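*Asks:* Read off the chains here:
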Amino acid sequence: MPTFKIDGKEITVDAGTTILKAALAHGIEIPHYCYHPALTIAGSCRMCLVELEGSPKLVLSCATEVKDGMVVHTRTEQVRDARRSMLEFFLINHPLDCPVCDKAGECLLQDYTFKYGSSHSRMVEEKRVRPPKDLGGSILLYRNRCVLCTRCVRFFEDVVGEPYLIVENRGYHSDISIFPGRGLTHKMSGNVVEICPVGCLIDKDFLFNARVWNLQRTRSICPGCGSGCNIYLEHKENKIYRIRSRENQEVNREWICDDGRYIYHAFEDLDRLTAPRAEKEAPLTQAAALQAIAGHISRLQQEGRLNEAALCGSAWATVEDNYMLRRLFADGLGIRTVLLNAPAPEGEDVVYKSGFTVRADKSPNRRGAELVLGSSRELWQGLREGKIRTLFLLGGGAGLHLTGEQKELLDGLELLVVWDVAAGDLVRSADLALPMTSFAEEEGTFVNVQGRLQRMHAALQPPAGIKPAWRSLADLAALLQQPVTAVTAADIFNDLAGRLPACAGLSYFKLAEVGVQLS
Amino acid sequence: MSEKYFLHNIGKPESKSLAFYLANQGYSAWEKVVRQWQPAEVIEEVKKSGLRGRGGAGFPTGMKWSFVPRDSEKPKYLVCNADESEPGTFKDRYLVEHEPHMLLEGIAIASYAINAHSAYIYIRGEFAHGAQVLEEAIAEAEAKNLLGEKILGSSYDLQVTVHRGAGAYICGEETGLLESLEGKRGWPRLKPPFPAVVGAFKSPTVVNNVETLANLPLIFTRGAEWFAAIGPNPKNTGPKLYCVSGHVNRPGLYEFPMGKNLKELIYEECGGIRGGKKLKAVIPGGSSVPVLRADQIDVSMDYEALAEAGSMLGSAGVIVLDEDACMVNALYNLERFYAHESCGQCTPCREGTTWMVKILKRLEMGGGRPEDLPLLEDIARHINFRTICPLGDAAAMPAASFLKQFRDEFAAHAELGRCPQRR
Ligand SMILES: Cc1cc2nc3c(=O)[nH]c(=O)nc-3n(C[C@H](O)[C@H](O)[C@H](O)COP(=O)(O)O)c2cc1C
Ligand code: SF4
Ligand code: SF4
Ligand code: SF4
Ligand code: FES
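Going line by line, the protein sequences match chains A and B. Numbering-wise, the first sequence is residues 1 to 519 according to this note's numbering. Numbering-wise, the second sequence is residues 1 to 423 according to this note's numbering.
Isolated chain A (complex conformation) (with noise of 0.2 Å):
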């Protein structure tokens, strides 16, 4: 293991690293453009030059190893120069047109400028001038803005696996384009508007809709499918704006998909489930809801006919949901048959050169609900079997129809109870319907198909009476004297790593900001 200094701090690294690695991990900025860590490396842009002893030029702080008894130096006049001097010659073409662009505030020509540069230009020529380009699919090229870092040319090659963008034209004119006769449609497109340095590359799902720095960010979960990345819901006067990927190197590393990306906007158009509803889509009170819940299971009990209830989790649903559900009808009342409502896979899983993967499996929490509910039965599995009367289910998935066999197996229910999002089939077919929450309106956790447990936080503020699945058992369950004494979702958490086996020990404050991978 090497030790070198830098800037006076002496430094032991793993062989291998290169001197732009060691100074990140070690707190020492040094700009760079092209240099992205999951990347191969170009060693194009110049910035990131630093002083090294002993070598008469400056070194590539990106594509440099450190070597035992290295002396390196990012603060000195000559490196400073450099980077000034790479600064202007990134901008001599630069539009300067921030106030008009959506990477401003997020912008590493902006910062970069602010903390590096010049605040005047020598540059008195015409500027290269280049009108955008629509790649096609969601993204627009604004060609004057590029610094030519070629990340979004190797993330297609090196992430992907599929090259899609390339480098067209030479010198002075070398321009970012896409293979003739394509359109940037891939499904992992968007991570390359993220990755873009500066505001070239641009979504226009967010073009003009707001100003990065008054986004509020909220850490989350993907609801997409069974892979569980990590997210940033960026949102403000309760509306998403947009949806970034999170980095977790156990599960996305960087990278979302399109998918997920742009989710959000199925969640926007659901015609929502707002208030109890009974058959014939007569509104009740949620207390007078849930007072016939708690008659009917009186009424199994007395006519010792509760063998003939099931309840069904939901692979849509949080943990919490989940179990709170189990916690009172299983754990509570003794009801035997656990089903679970998840979607039949979709195809096969698509895995890219990365390991990158998107799951057939469109659901997010089909192992945490498996988990809780200690069944996976599948739903009309077990309807089909004839035995259940009274079903007291679990929704959450937006847009889920059913099959004419699927409405008659409801049908024949003596009691179907249904918790939901939308107020879809699922809600049409059943005798009460109870509204919850959805997507970014409240914490909890998911378990992905790998088993990691993870968090999410809310985001958005549900629209007034809407509170968690969790929740409105809980109140189902003082009514039927099973109290739960649970506040928020932690509370809940807490309750069921204390009975579960694979969470014992785990508080749902210190779950990491990776996840758990439980065993």
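Source of the hints: derived by calculation from the structure; they are not laboratory data. It is possible that part of the hints are untrue.
[Unchecked claim] Simulated pairs of lysine to aspartate or glutamate, DMTMM-like, Cα-Cα distance not exceeding 20 Å:
id: 1; chain 1: B; residue 1: Lys184; chain 2: A; residue 2: Asp158
id: 2; chain 1: A; residue 1: Lys510; chain 2: A; residue 2: Asp491
id: 3; chain 1: A; residue 1: Lys115; chain 2: A; residue 2: Asp97
id: 4; chain 1: B; residue 1: Lys202; chain 2: A; residue 2: Glu157
id: 5; chain 1: B; residue 1: Lys202; chain 2: A; residue 2: Asp158
id: 6; chain 1: B; residue 1: Lys12; chain 2: B; residue 2: Glu136
id: 7; chain 1: B; residue 1: Lys184; chain 2: A; residue 2: Glu126
id: 8; chain 1: B; residue 1: Lys358; chain 2: A; residue 2: Glu126
[Said to hold, decoys possible] Covered stretches of chain B (chain A as the covering partner; in silico rule of three or more C-beta atoms under 8 Å from a C-beta of chain A):
id: 9; region: 333-345
id: 10; region: 352-359
id: 11; region: 384-390
Small disclaimer: the values here were computed from a predicted structure and weren't measured. Think of the CB as a built atom: it goes at the ideal place given N, C-alpha and C, for glycine as much as any other residue.
Since the structure of chain A is already known, use the hints to place chain B with the ligands on it.
*Replies:* Quick look at chain B with the ligands alone, frame taken from chain A:
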């Protein structure tokens, strides 16, 4: 030395045929080497000869070969750099077109030394005739088993392939060349790793210039000691081709020992300055090297002496400018070349070269300002040594040296706002 080794067949169109070459002891060095020498001995002999690369950088050839890892499982490649695109340089083209077998013999010896069984000749796209001459020469040599399989009864195989470039100066830079050879954009690679370790197709590769390789038959017929005795000192040995262009009476390709005096070359061999004019400036080593003033040309054209004089031997492309030449215009012309040929990969070269062109255009055509001079110097300084490949330096050095050596002329342009010679 009046004896010529490269140019002795000028005026004999048959020099390119195998029959002619064989009749003049051609391939005798190769026959000896492939039958009797060990590769390591070949490398030693070349080291002893003092031969340095003629592609521009003057790297010792034997030493370069010795960097090829002997124990590597991978195939080794020899690449002959026949891209010759440096302005003012026209020596390799002559060898390719008129002495193709001398080059092939050199390629064979070099390939044998590094244990390569495939050699590529990367030839400048515009050299269509040269490529054809080489193809024919290879076919002739293969027919006589001088190349191909089990050469001359030995167990050594060598296939030589001609690869034509598509017209980019940057593909003469060895790693840009290798990318292009692999079918990619001619974007120079970061070094290290050097081609000797990771070169063509991720395998150990030696890239040598045409003229470098053409010296090898001579070394192995006359011996390294004989070769090393030619030239001014042990660091500068062997015969050398000099390309002289510009305002001399007899421009052209000349052969002398290494270390020819530049003043003699211009005034005696080339008949002095055209039209009895006075000499203003000489670029001694191809357009990329710093310019010399008329009073600096009494210098031996060897690596060290020219370095001491503030320039470089480079490709020995001597560009002569007389008193009427406008140095601003000359630099404008040069920088247009570098801006056009920049591959665009790295920032200083991509942006800086064209910026210099725009400024020089104003200085020359109208709109020049005094502050343009320090600005040009700054840009050159900001490109120099901060790029991936030496093209950046090659664009920066002329700018820096023109401005330093001909300051008054640049200042006069800035003062007037344009070239005083223009109306
Ligand atoms: C921009 C640029 C262009 C070059 N063009 C050529 C060329 O056309 N021919 C050549 O032999 N070397 C050229 N070189 C030098 C090569 O990179 C390399 O050093 C040379 O081929 C090595 O051969 P040698 O060791 O026999 O000199 C060029 C270098 C640069 C930076
Ligand atoms: S578009 Fe963005 S990511 Fe791509 S090369 Fe230009 S600056 Fe880099
Ligand atoms: S792979 Fe799955 S979890 Fe990840 S972003 Fe796409 S849909 Fe969301
Ligand atoms: S110095 Fe110029 S030619 Fe060389 S790699 Fe950089 S941009 Fe390309
Ligand atoms: S980050 Fe090192 S050259 Fe771009």
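*Asks:* Does each hint fit the structure? Answer for all of them.
*Replies:* Each hint, compared with the structure:
1. Restraint check for Lys184 (chain B) and Asp158 (chain A): satisfied, since their Cα atoms lie roughly 16 Å apart, inside the 20 Å limit.
2. Proximity of Lys510 (chain A) to Asp491 (chain A) is assessed by CA-CA distance (about 13 Å); at most 20 Å being required, the pair is judged to hold.
3. With a C-alpha separation of about 19 Å, the suggested pairing of Lys115 (chain A) with Asp97 (chain A) holds against the 20 Å cut-off.
4. Pair hint Lys202 (chain B) plus Glu157 (chain A) holds up; C-alpha atoms about 18 Å apart against a cutoff of 20 Å.
5. Between Lys202 (chain B) and Asp158 (chain A), the direct Cα distance comes to roughly 18 Å. Compliance with the 20 Å bound is thereby established for this hinted pair.
6. With a C-alpha separation of about 17 Å, the suggested pairing of Lys12 (chain B) with Glu136 (chain B) holds against the 20 Å cut-off.
7. About 32 Å separates the Cα atoms of Lys184 (chain B) and Glu126 (chain A), which puts this hinted pair outside 20 Å; it is violated.
8. For the proposed pair Lys358 (chain B) and Glu126 (chain A), the alpha carbon gap of about 9 Å is at most 20 Å, so the pair holds.
9. Residues of the region 333-345 of chain B lying with their CB closer than 8 Å to a CB of chain A number 7, which satisfies the three-residue condition for coverage.
10. Beta-carbon proximity to chain A at under 8 Å applies to 6 residues in the region 352-359 of chain B; the threshold of 3 is reached and the given coverage holds.
11. Only when three residues or more bring their CB closer than 8 Å to a CB of chain A does the claim for the region 384-390 of chain B stand; here the count is 4, and the claim holds.
Hint compliance for this structure: hint 7 alone is broken.
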